[in-house]
Structures are given as C-alpha cells and as structure tokens.
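Residues per chain, in single letters:
4 protein chains.
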Amino acid sequence: MRDLDDARDALRQFVTERDWEQFHAPKNLAMALCVEAAELMEHFQWLTEAESAALPPDTLAEVADEIADVQLYLIGLADRLGVDILDAMSRKMEKNARKYPVASARGNARKYDRLPGYDGTPTS
Amino acid sequence: MRDLDDARDALRQFVTERDWEQFHAPKNLAMALCVEAAELMEHFQWLTEAESAALPPDTLAEVADEIADVQLYLIGLADRLGVDILDAMSRKMEKNARKYPVASARGNARKYDRLPGYDGTPTS
Amino acid sequence: MRDLDDARDALRQFVTERDWEQFHAPKNLAMALCVEAAELMEHFQWLTEAESAALPPDTLAEVADEIADVQLYLIGLADRLGVDILDAMSRKMEKNARKYPVASARGNARKYDRLPGYDGTPTS
Amino acid sequence: MRDLDDARDALRQFVTERDWEQFHAPKNLAMALCVEAAELMEHFQWLTEAESAALPPDTLAEVADEIADVQLYLIGLADRLGVDILDAMSRKMEKNARKYPVASARGNARKYDRLPGYDGTPTS
Numbered sequence: 006m007r008d009l010d011d012a013r014d015a016l017r018q019f020v021t022e023r024d025w026e027q028f029h030a031p032k033n034l035a036m037a038l039c040v041e042a043a044e045l046m047e048h049f050q051w052l053t054e055a056e057s058a059a060l061p062p063d064t065l066a067e068v069a070d071e072i073a074d075v076q077l078y079l080i081g082l083a084d085r086l087g088v089d090i091l092d093a094m095s096r097k098m099e100k101n102a103r104k105y106p107v108a109s110a111r112g113n114a115r116k117y118d119r120l121p122g123y124d125g126t127p128t129s
Numbered sequence: 006m007r008d009l010d011d012a013r014d015a016l017r018q019f020v021t022e023r024d025w026e027q028f029h030a031p032k033n034l035a036m037a038l039c040v041e042a043a044e045l046m047e048h049f050q051w052l053t054e055a056e057s058a059a060l061p062p063d064t065l066a067e068v069a070d071e072i073a074d075v076q077l078y079l080i081g082l083a084d085r086l087g088v089d090i091l092d093a094m095s096r097k098m099e100k101n102a103r104k105y106p107v108a109s110a111r112g113n114a115r116k117y118d119r120l121p122g123y124d125g126t127p128t129s
Numbered sequence: 006m007r008d009l010d011d012a013r014d015a016l017r018q019f020v021t022e023r024d025w026e027q028f029h030a031p032k033n034l035a036m037a038l039c040v041e042a043a044e045l046m047e048h049f050q051w052l053t054e055a056e057s058a059a060l061p062p063d064t065l066a067e068v069a070d071e072i073a074d075v076q077l078y079l080i081g082l083a084d085r086l087g088v089d090i091l092d093a094m095s096r097k098m099e100k101n102a103r104k105y106p107v108a109s110a111r112g113n114a115r116k117y118d119r120l121p122g123y124d125g126t127p128t129s
Numbered sequence: 006m007r008d009l010d011d012a013r014d015a016l017r018q019f020v021t022e023r024d025w026e027q028f029h030a031p032k033n034l035a036m037a038l039c040v041e042a043a044e045l046m047e048h049f050q051w052l053t054e055a056e057s058a059a060l061p062p063d064t065l066a067e068v069a070d071e072i073a074d075v076q077l078y079l080i081g082l083a084d085r086l087g088v089d090i091l092d093a094m095s096r097k098m099e100k101n102a103r104k105y106p107v108a109s110a111r112g113n114a115r116k117y118d119r120l121p122g123y124d125g126t127p128t129s
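Residue numbers (my numbering), protein chains in the order written: chain A, 6 to 129; chain B, 6 to 129; chain C, 6 to 129; chain D, 6 to 129.
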C-alpha cells in the first residue's frame, strides 16, 4: 500500500467482496469513524500526558491498529462523498493559517475566536 | 500537497511556527481527533441515510472541511507516536480479511465475534 | 437507588474504596464519558432508524448497560466540578425554548442559527 | 425540576410541541448524545488535568450547559427505548463491583480484564 489511492482501492474491493455497500451510507460511516476515534482515545484516558508519549510496545501496536481503523473509515467516507482528502487538507490548512495567525496564536491554545485581534468573521 | 508525507511536513511546520508542540501530547491529540470526528458526524445526525448520500453543495463543503480536520489530527497523532499510517492500514486490512471471511461476512454487518464459524480467538 | 443524589453517593463510595480519585480529573472523566457514549452509539451504527426503535432484548440489555455507564460518568464529572445536573438542565431547557421557538422550529431539525427569524445572537 | 422523571416529562413536552419525534429515532438520539459528549470534552482538550479541576467561572458555565445537553439526550434516548435509568445504574454498579473487586482494583486504572486474578469470564 503506497498511498491513499491504493488504500481506497483495497477498501473498495474489501467492501464489495462482502456486499457491505448496503450498510455504508455516509451517515453510518460517520458513526463508525466516530466510534473508532473513541476506541483510539480510550487507550489514553487514564494516562498522564507524559505517559501518553511513552506507550509500551503492546499498547502502541493496539493504538496503531485503531489509527488504521480511523483512517480506513475516513477514506471510505470521503470516497462515498466524492471528497478528495488531500485537496480538502490543502484548503483547510490555508484556512487555518488565516484563522490562527502566527503572531497571535503563538504559544497559546485558545480557539481562534478568542484570540486577540479576532474580528468576528466566522470562517468555519 | 501530494501525499500523507507532504501533509505531515506541512503540519509539523504549522505547529512549530505557533509553538504548539507543548499542547500536542498524544492524549490531547486523541481528544482533538475525537472532537473533530464528532463535528463531522454532527452534519449527519438528523438526516436519513438517503439524505446523507446526497448532501447539498454547501453542506458537502463543510463536511470536506471536517474530513480534513480529522485527517490532520490523525496525521499529527501518528507522527507524535512514530506510527506509519500506510503500514498500519496494510496490517489492519490483513487482520480484517481474517476476521471477516467473505463466506460468513457476506451481506451481514454483525461484528466478527458474532459471525457464524467464529472460533473464539480474540484477534483485536 | 432512588435518585441522582443516591447514585452520586454510591459512586463516590465505589471510587473511594478503589482509591481511584487520583485518576478522576475532570479531563479524564470527560474522556471516559465520551468513550462510553461512543460504545452506546456503536450498537446503532449499522441499524436502520426503524431497527433502532425495535431492539431485540439482548441488545436492549447491553444498551441499558451503556446508558448506565454514560449516566455514571456524567454524575461523576458533575460531582467533581460542583455542577448540579438538575439545575443545569432547568437552565438549559429555558435557553433551548428561546433558541428553538415553537413557531419556527416546528417540524424541522435545523440548527437554531439556521432557523428563519434567527437574529444572530449567540446564545451558546 | 426535581428529578429525572420531571426532566423526562418536560423534554417530552418540548419535543412534542416542536413535532420533533419524527427525528428522534434511537439511532439519531445516540448520535446527538455522542456529539454533545464531544462538545463537553472539547472544553478540556488543551487543559492539564490540574487546570481541568479549576475552571474559570465562564468556562464552568459553558461546561454546565454541555452537561445538561448530554443529560437531556440521555433521558430522551432512554425514554424512547423504555429504559429506566436509575434501574440500569443499579444493575451496572453491581456488575462493576464484581468486575473491579476492591482487592485487585485498588489504586490502579487497568481495565477489568487486565486485573490480576481475572478469570476470563466476559461480564460485558
């Protein structure tokens, strides 16, 4: 598997072979994505921030599996909706650069609409 | 942005310029990922499955933004943990092929441990 | 267990006996709550809306367990933060009544800021 | 509002007045619950555990609103499914007491199936 297109093709084949398209409405895939994201997070819920950065190998392997699950549902959802993930990321990073200017965002984690200088424009 | 490595590099630069590494413990990134997955899902919560497959253009654009947010946090989290996403997906798809054999999984959405023929082996 | 106060007291005792207060920072309880909410939702992800309203008894029993988990973490989190849940609900329902006036909200599920007549006031 | 039954009755009236039953399939309510749990968690994602236990008053007020939202959807979902929340909590706390015996669970946050002495019985 060399890239996201490869993964999408492998996923399409996996789903088709099992006749699972019937379950994969975008609504349902968005739910499954959210469930997998929560399973990924579950590994971290009782850890300190420092512990979360130094996982034992067996936990890291489980976490890698959950990362894969999130990625697979995200690819499946984007594919069903006709969204190009790389393109969507490019646009979003440009928006984020406008929402979080280096000068005001540097070193703080406040949401963009609480940054000094924010002019009230909703930028989604 | 041509691939996941490009996105990871752009994200690293974005975070470094804003001095945000201090907030980006894996625990916190896993939380942010989950929050974004929920924001993505929120667009679908009152839609029928059919409606979710035929989004109006403005909703689809918002959904594409949320897909990008999920992807960006997933890349950031995997990067912090030293997980290769493509490699993790390859392994997980092999596991899934074993967990959901075509013969028993075809046309049903039951979890693998409820499929006919499941032998009780936990495969994560 | 007759009411939320009973549940809170039983939960406090359970946590104290196990010396678990050390893990129960509000941040961590909010994560655990979210994980349980996702586990609850997982039962519904491949069901149609109609199927979700007619669960078989064994699924319903599992769902009831997940509802209890969400409720328990919500009580624990509110207790740690000093929030009175009944009081918070009363206030929120008053806000909701203002955000979703019967005349404009009747029969549609749009978010309040997309309802006809919305004047732009953020009411959280 | 004196108890959960009061809240349920007020919620029923709110939903009926707006003709929203049509949107409130258990599947959709479970999604909305999960979205609200994530919104609640979002307030904590960049905070340290210590900061999460000492919220400024305006954040605490917002968090109380989100707690109310989670509680309201949980009541609505349980009501649609015919689940008695207090009863479900009583049963679940008894299960939890068996899953997490004081002797082995004391002072550690490992999941029950990783506790010393666990005999492999799945207890859900």
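Accuracy of the hints is not assured; some may be wrong.
Which copy is meant is left open, so a pair is good if it fits within one copy or across any two.
The calculated DMTMM-like cross-link candidates involving lysine to aspartate or glutamate, where the alpha carbons are at most 20 Å apart (straight line), are [claimed, not checked]:
(1) K104 with E56
(2) K97 with E44
(3) K116 with D10
(4) K116 with D70
(5) K104 with E26
(6) K104 with D24
(7) K116 with E99
(8) K100 with D24
(9) K100 with E54
(10) K104 with D8
To be clear, the hints were calculated from the coordinates, so they are not data collected in a lab.
Here's how the hints hold up against the structure:
Taking the shortest Cα distances, K104 and E56 never come within 20 Å of each other, neither inside one copy (31 Å) nor across copies (25 Å). In the homo-oligomer, the alpha carbons of K97 and E44 lie at most 20 Å apart only across protomers (15 Å), although the nearest pairing inside one protomer, at 26 Å, exceeds that limit. In the homo-oligomer, the alpha carbons of K116 and D10 never lie at most 20 Å apart, since the shortest distance is 33 Å inside one protomer and 27 Å across protomers. In this assembly of identical chains, the alpha carbons of K116 and D70 lie at most 20 Å apart only when taken from different copies (17 Å versus 30 Å within one copy).
Proximity of K104 and E26 under a CA criterion of 20 Å is satisfied inter-copy only: 18 Å between copies versus 38 Å inside one chain copy. Within a single copy, K104 and D24 get their C-alpha atoms only as close as 43 Å, which misses the 20 Å cut-off; across copies the closest is 16 Å, which meets it. When the C-alpha separation of K116 and E99 is checked against a cutoff of 20 Å, the pair qualifies only within one copy, where the shortest distance is 16 Å, while the shortest distance between copies is 27 Å. Taking the closest pair of Cα atoms, K100 and D24 come within 20 Å of each other only across two copies (18 Å); inside a single copy the shortest separation is 38 Å, beyond that limit.
Taking the shortest Cα distances, K100 and E54 never come within 20 Å of each other, neither inside one copy (29 Å) nor across copies (30 Å). Taking CA atoms no more than 20 Å apart as the test, K104 paired with D8 passes in neither setting, with 29 Å inside one copy and 24 Å between copies.
When the structure is compared with the earlier hints, violations turn up for hints 1, 3, 9 and 10 and for no others.
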